[in-house]
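Asks: What follows is each chain in one-letter form.
There are 2 protein chains.
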Amino acid sequence: MTPSSLDELIDALRCLPGVGPKSAQRMAYHLLQRDQRGAGRLARALSHALAVLRHCERCNTFTESEICERCANPRRDASLLCIVEMPADLAMIEQTQSYNGLYYVLMGRLSPLDGVGPRELKLDKLIARASDPAVTEVILATNFTNEGEATAHTIATLLSARGLKVSRLSRGVPVGGELEHTDTGTIAQALVERRSL
Amino acid sequence: MTPSSLDELIDALRCLPGVGPKSAQRMAYHLLQRDQRGAGRLARALSHALAVLRHCERCNTFTESEICERCANPRRDASLLCIVEMPADLAMIEQTQSYNGLYYVLMGRLSPLDGVGPRELKLDKLIARASDPAVTEVILATNFTNEGEATAHTIATLLSARGLKVSRLSRGVPVGGELEHTDTGTIAQALVERRSL
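The listed protein sequences derive, respectively, from chains U and F.
FYI, my numbering numbers position 106 of the first sequence as 115, with every residue one higher than the one before it.
FYI, my numbering numbers position 77 of the second sequence as 86, with every residue one higher than the one before it.
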């Protein structure tokens, strides 16, 4: 007895990550009952984003032009190429204000269980980008999760084979971290990768 | 440096209940990167639902016509009117297959802290509906939360003053429930409201 347009909305909301049938229903009622303005705005924002956003030819992140602003900026150091999983990671590195090179955004990570292999991640586009003669070092900044580490390892193998210098963000105890509250895996790594002073 | 269309999409997603900045960002990337079809479908479903859905003139639930199918069904018992908070509650009662009366859906509950008073809940529409001479009993089936109980109490006062017979779903130990695993508040209520056999 639910109207078909309401059924379809509840079903369509389930394409959002982490949204099951119960929350999709709650979201649909909320939008229709309490926030029709927000719902209209969301519909327009979705259509507009789908229409105008594409991947930067160089760094693969979302942009509205062929080359994103960052890649087109001549004041960035084109000899450094930092590889991250998602635009959110790029934003975090930018916030440190300690990196002035360029980026390549994978838009994901290798995840065989989810069917994401080297082909799905379009690693050939990354290799083409990293083969630019201006690049002297590739910095791997994928996450330090199992999947992120596996992705970094695969990319390092591919790029090293092409004679590129490849580095990885360091692992260790977080700045301000107390050993007592750091997990033993991190402490073990910090021991193995200790720096001579 | 985020494209404005992406910024706007992330911002628009925050109108969904329980979605903060981080999950809005995750949802936007997911839709654009992994599920553009789902995103297009969601945009269309939202626009369509906003265009065609309205409130049933009689029971206040969402419908695409003036009177919903259930209210228009002559085989339902028009002498019973069951008041619920949301369409999901109505669906639960229908699933019991033990009620054949009509419904009134409040589309919310009294919640002074969220600015939802009798006016926002349009209780005058409910009073008009319950004043239909065909109605002989109004069953309050709002939730047994603080807000649901307060809503039931307010509605009971309003309708009793108009000479209507008002009842409330019984409270007590759930069917199949073990006292050892039932909260003491429920057991206390079950004692107070004990039934003579």
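Honestly, I wouldn't trust all of these hints.
What the hints assert, rightly or not - Calculated lysine-lysine pairs in the DSS-like style (CA-CA distance at most 30 Å, straight line):
(1) Lys174(F) x Lys31(U)
(2) Lys131(F) x Lys174(F)
(3) Lys31(F) x Lys134(U)
Derived by calculation from the structure, the hints in this document are not laboratory data.
Asks: State the violated hints by number, sorted upward, taking the hints as numbered earlier in the document.
Replies: 1
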